[in-house]
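So the protein sequences, as listed, match chains P and S. The numbering used here numbers the first residue of the first sequence as 18 and each following residue consecutively. The numbering used here numbers the first residue of the second sequence as 4 and each following residue consecutively.
If you're looking for bench data, these hints aren't it; they were derived computationally from the structure. Any given hint could turn out to be false.
Just a few of them, taken from the derived set where beta-carbon distance is under 7 Å, the chain S residues facing chain P [said to hold, decoys possible]:
#1 Leu-12
#2 Lys-44
#3 Ala-45
#4 Pro-46
#5 Phe-48
#6 Leu-49
#7 Phe-107
Beta carbons are placed, not taken as given, at the ideal position from N, Cα and C, and that holds for glycine.
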Amino acid sequence: EPEVTQTPSHQVTQMGQEVILRCVPISNHLYFYWYRQILGQKVEFLVSFYNNEISEKSEIFDDQFSVERPDGSNFTLKIRSTKLEDSAMYFCASTVGDEQYFGPGTRLTVT
Amino acid sequence: EDKVVQSPLSLVVHEGDTVTLNCSYEVTNFRSLLWYKQEKKAPTFLFMLTSSGIEKKSGRLSSILDKKELFSILNITATQTGDSAIYLCAVDIEIKAAGNKLTFGGGTRVLVKP
Numbered sequence: 018e019p020e021v022t023q024t025p026s027h028q029v030t031q032m033g034q035e036v037i038l039r040c041v042p043i044s045n046h047l048y049f050y051w052y053r054q055i056l057g058q059k060v061e062f063l064v065s066f067y068n069n070e071i072s073e074k075s076e077i078f079d080d081q082f083s084v085e086r087p088d089g090s091n092f093t094l095k096i097r098s099t100k101l102e103d104s105a106m107y108f109c110a111s112t113v114g115d116e117q118y119f120g121p122g123t124r125l126t127v128t
Numbered sequence: 004e005d006k007v008v009q010s011p012l013s014l015v016v017h018e019g020d021t022v023t024l025n026c027s028y029e030v031t032n033f034r035s036l037l038w039y040k041q042e043k044k045a046p047t048f049l050f051m052l053t054s055s056g057i058e059k060k061s062g063r064l065s066s067i068l069d070k071k072e073l074f075s076i077l078n079i080t081a082t083q084t085g086d087s088a089i090y091l092c093a094v095d096i097e098i099k100a101a102g103n104k105l106t107f108g109g110g111t112r113v114l115v116k117p
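Construct the entire structure; sequences and hints are all you get.
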């Protein structure tokens with residue numbers, strides 16, 4: 018069964034460093050998303066991406082964040098200058114329009 | 004502001020018991036309501052509900068949506084220890100230009116004891 022994959026599974030970085038989280042959505046899906054879940058808190062929407070552009074973003078998704086689909090398969094989330102409060106589980110999801118399928122997540126730890 | 008609220012926050016039951024989880028919502032541009040199960044990492048999809056009053060069933064799990072009263076319930080009958088997880092309710096909201104986004108509730112943590 019096709020699935021969304023994410024790399025790395027765990028990333029540790031120092032405050033102020035740039036990180037890139039990578040996702041490979043399901044191949045025929047058209048809509049792509051990033052969510053995050055701070056430990057013990059709700060899953061929160063960050064951004065949606067369709068037709069090579071952002072279609073919606075939340076207040077969390079400020080100028081430090083960017084997304085890109087550099088080729089036909091990868092979908093990346095970049096955090097330019099990480100802060101301690103960016104420590105969370107980051108989930109990528111994709112869909113053709115109905116239910117969203119989630120990847121296994123990348124745990125980002127900012128020290 | 005879009006809001007999804009789940010109750011109870013957590014519950015502990017014994018194998019064989021039935022559990023009922025609640026999800027209420029207040030959102031604009033409702034498309035559907037989804038239930039997910041989260042064990043260790045990623046939420047895994049259980050149900051998508053779009054119409055009121057039609058029960059969706061999968062094995063021991065079932066769910067129903069009430070679009071007038073703005074809530075959904077998820078039932079698990081004859082619970083097993085493998086049902087222990089956090090159950091997430093999410094509302095799919097239509098976005099202006101294209102696509103959609105999910106707004107999640109805080110989840111209900113279910114622990115099933117042998």
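To see whether the hints hold, each was checked on the structure:
The restraint placing Leu-12 of chain S at the interface with chain P is violated, with a minimum CB-CB distance near 12 Å, outside the 7 Å limit. This hint holds: Lys-44 of chain S has a C-beta 5 Å from the nearest C-beta of chain P, less than the 7 Å allowed. Restraint check, Ala-45 of chain S versus chain P: the minimum CB separation of about 4 Å is within 7 Å; hint holds. Checking Pro-46 of chain S against chain P: minimum C-beta separation of about 5 Å stays under 7 Å; hint holds.
The interface hint given for Phe-48 of chain S is met, as the beta carbon of that residue sits about 5 Å from the closest beta carbon of chain P, less than 7 Å. Checking Leu-49 of chain S against chain P by beta carbon gives a least distance of about 9 Å; that is not within 7 Å, so the hint is violated. Against a cut-off of 7 Å between C-beta atoms, the interface hint on Phe-107 of chain S holds, since the closest Cβ of chain P lies about 4 Å away.
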